Structure formats: structure tokens, C-alpha cells
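Colleague: Numbered as in the working numbering, the sequence shown ends at 405 without a single skipped number.
It is possible that part of the hints are untrue.
To be verified - No more than 16 Å apart at the CA atoms, straight line, and that leaves these computed lysine to aspartate or glutamate pairs for EDC-like: (1) LYS123 - ASP154; (2) LYS201 - GLU160; (3) LYS146 - GLU122; (4) LYS123 - GLU160; (5) LYS140 - GLU15; (6) LYS66 - GLU287; (7) LYS159 - GLU15; (8) LYS123 - GLU16.
Stated by the list, open to error - Listed next, with one range per pair, are the computed distances between beta-carbon atoms: (9) SER149 - ILE384: 49 to 59 Å; (10) VAL199 - GLY225: 17 to 27 Å; (11) ALA42 - ASN247: 34 to 44 Å; (12) PRO75 - GLN266: 15 to 25 Å; (13) ALA42 - GLU90: 40 to 50 Å.
What the hints contain is simulated information worked out from the structure, not anything from laboratory work. These numbers were taken from a predicted model, which means no experiment stands behind them. Glycine included, each C-beta is placed from N, C-alpha and C at the ideal position.
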Amino acid sequence: MTEEITTRSWGSRLKDALVGILIGIVLIVAAIALSFWNESHSLHTAQSLEQAQKVLVSVPNAPIDEKNNMKVVYLSGEAATEDKLTDSVLGITVTAIRLNRQVEMYQWQEKTETRTESQMGGSERTVKTYTYNKTWSDSVIDSSRFKEPQGHQNPSSMPIQPQQQYAKQVKVGDFSLPESLITQIDVSKPIDLKPVNADALKNQYNKPVHVNGDQIYLGQDPQNPAPGDLRINLNAVYPQTVSIVAQQTGNTLQPYLAPAGETVLLLVTGQQSPEQMFKQAQSENTMLAWILRGVTLLMLIGGFSLILNPLVVLADVLPFLGTLVGFGTGFVAFLLGLSVWIIITAIAWFATRPLMSVGLIVLLVVGAYLLIKARAKKAAAVPAPSPEGSQAP
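Please build the complete structure, drawing on both the sequences and the hints.
Modeller: Written out as C-alpha cells, the structure is:
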């Protein structure tokens, strides 16, 4: 563990806070743009799914009926392939849709904890504590960037890289699947690695090799890993049943461009009805929309916080005063962010969800009214000071 202590002057903090105003404005503009895009994309995706479902035709996976060419079709069956995929490092060959080599290396990892304290006069004292622990990672952790690299060195590269490969030819009945559908088939199973030639691996990488079922360990002791040790797993996506909604194009399938402007291309593993598939797609679309709404709200609050931050820095000449102002500006930033978010969402919804749009505006107005009324009531409850020189009768 090591510590780093730095101090920033009040002037430097104020300069950074003023620059933060520009960043805050950019953040607010970006949030507004993202909000409008999100509402538009969510609406058009929902409409596109509805349009695709209305013109959907259920077809057998064989033989292919040319009458359905360029139509939106639903089909199911086993996604099969005859392609053989080979892991050249481990010497394993399987007939599969996908072969995935997972490699992790035991390495040092740096964690940073930061503690900031305001000082009298407006300066700021920052204490950074760096701690080091070992962890498994599927990518190289650059130890040269550590605050204290001495004694925490990691290898500069992984001797065996992760790898993912796909079959070129995958068919469901007579339909050849495009890459965009092949990569969506993802239910995998681990591969038994007992056939791997451990001696060849040991000679090639100059490390002891331990084979344990579906995992290979390169290192002295799997129970006591050391930095630089590797563990490797292979898993494969074997032929399996899938259900697909797409546009039929000859003997293959492609995304359907709906009149609403979004493409529809659905694949799920297992046997599912088209109704289930569209319901799931609509649910995923709704979930994504709400996630992005939450992101835009946080961006707006963050933007207003940055704009108001110079007030906190100015007040931080007296640390307790800076803390009070910080609470106040944080609350104001939250109210401003929430208000702008409601207004933007209401505007975006007005054309398609007018009742909900009006409801949001009413909610905002009522909330503002209640807040103002509560503040006025609180102010009225404070007794006015008696005039100087007045005497009791």
C-alpha cells in the first residue's frame, strides 16, 4: 500500500470549476439530444416490430417456397453445420457453430481510493491510497502504469490469446443463415480437454501443465497461483434448435426493413412461437428505452451540478459553508435536471402519447406549485423581528 497526497489551491479549483461550466453545458446538450433520439428510436422500433408481426408468414424450413421471397417469415428447426472448427493451440477439433477459447492470466491489480478534504482558505487536500492484490483477468493489466510498479510486475503480454471462431455454413432446413444470425446462437457447452497433449504445451510454453476436466492450468500449482499463470477453457456452440423471424431472400434470410424505419431480425434458441418472440423483443425495447431515460436524467443532473459547482468552490473558503452550499446546489441540480428531463420527455411523447405527455407537464406544474407553497409556508412561520425601540404596552 502507498499513499499520495496533493493539494490544490483555491484559485486552481475555481479555474477548474469555471471550465466545468462548459463541460456541464455540453453534457446537458448531449442529454437532450440522446433523449430525443431514444424516444424516436424506441417508438420506431416498437412500430417496426408491430408492422413485421402483421405481415408475418409461418413457413417450414424445407423445402423453400419461392412464393414467400421477400416476405417476413417465421421458421424454426435445428441450426446444423458440417464445418469443423479447430483450436490450433490445444489441438482440439469439433463440429460446431462456434468454438470459443477463454484464457485468463493471474496478475497484479491496482486499486485506488481517493479521499478529498476542504481546507481553510479554499484549498483542497487529496489523499490517494493505492493497494495491490492479485486477480484473474482475460486481458493484460499494464503494471508499468502502477503508482508502485516495483514488486507488482505483470507479464507484458499473454502467451496464449483468447479466440472465437464461427462456422461458415450453418443451415436451418434448406435455409443458409447469414453471419448476423449465426453469431446470435450462443448456448454453449464446455469441451472436455483430457485429449490435449500436455507435454507438447509444456515444451512450447515452458510451464507445468495441469489438465483438469474442461480446464487447463499452466503454472506450478493450481491451488497457489502465481502472477503469469494461465487457465484455459474451451466451449462450443453445437447444433441446436432455433426460432427465427427474418425476411426471406432466396435461400437465405436478411433483416426486414419496416416502413417505420427500423430493421427486424430475431433469433432465439429453442422452440418459441412468433408471439413469444415479438413479446420478448418489445420488452427488450422498452427496457432499453428506460435505461437510456435513466442515463439522460443522470447526465442532466450532472450537467447542472457542474454549472453550479463554482458556487461551492467560492463558498469553500470556509469548509463548513462549502458543505452547506454543496448540499443546496446538489438539490437544485436534481430539481433542474428532473424538470428538464420531464419537459423533454413530454415534448418527445406529445405526438404519439399525448395523454402521457400532458400528464407529465401537469405533474411538473403541480410539483413546482407544492414546492413553492411549502417554502412560502415555511417562510411565513418564521416570526418577524420586532422594531427597534418598541416597548411592550
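Colleague: Please go over all the hints and tell whether each is borne out by the structure.
Modeller: Hints and how they fare:
Taken as a hint, the LYS123 and ASP154 pair is honoured in the structure, with Cα atoms around 13 Å apart against an allowance of 16 Å. For a cut-off of 16 Å, the pair hint linking LYS201 to GLU160 is broken: about 41 Å separates their Cα positions. With a C-alpha separation of about 9 Å, the suggested pairing of LYS146 with GLU122 holds against the 16 Å cut-off. For the proposed pair LYS123 and GLU160, the alpha carbon gap of about 11 Å is at most 16 Å, so the pair holds.
About 6 Å separates the Cα atoms of LYS140 and GLU15, which keeps this hinted pair within 16 Å; it holds. Between LYS66 and GLU287 the CA atoms are separated by roughly 11 Å; this keeps the pair inside 16 Å, and the hint holds. A hinted pair counts as satisfied when its Cα atoms are at most 16 Å apart, and LYS159 with GLU15 qualifies at roughly 9 Å. As the CA atoms of LYS123 and GLU16 are separated by approximately 13 Å, the hinted pair is consistent with the 16 Å bound.
SER149 and ILE384 have their C-beta atoms about 53 Å apart, which keeps the hinted 49 to 59 Å range intact. Checked against the given bound of 17 to 27 Å, the beta carbons of VAL199 and GLY225, roughly 20 Å apart, stay inside it. Remark: the range hint 34 to 44 Å for ALA42 to ASN247 is upheld by a beta-carbon distance near 39 Å. Between PRO75 and GLN266 the beta carbon distance is about 19 Å. The supplied range of 15 to 25 Å therefore holds.
Checked against the given bound of 40 to 50 Å, the beta carbons of ALA42 and GLU90, roughly 46 Å apart, stay inside it.
The structure fails to meet hint 2 from the earlier list, while all remaining hints are met.
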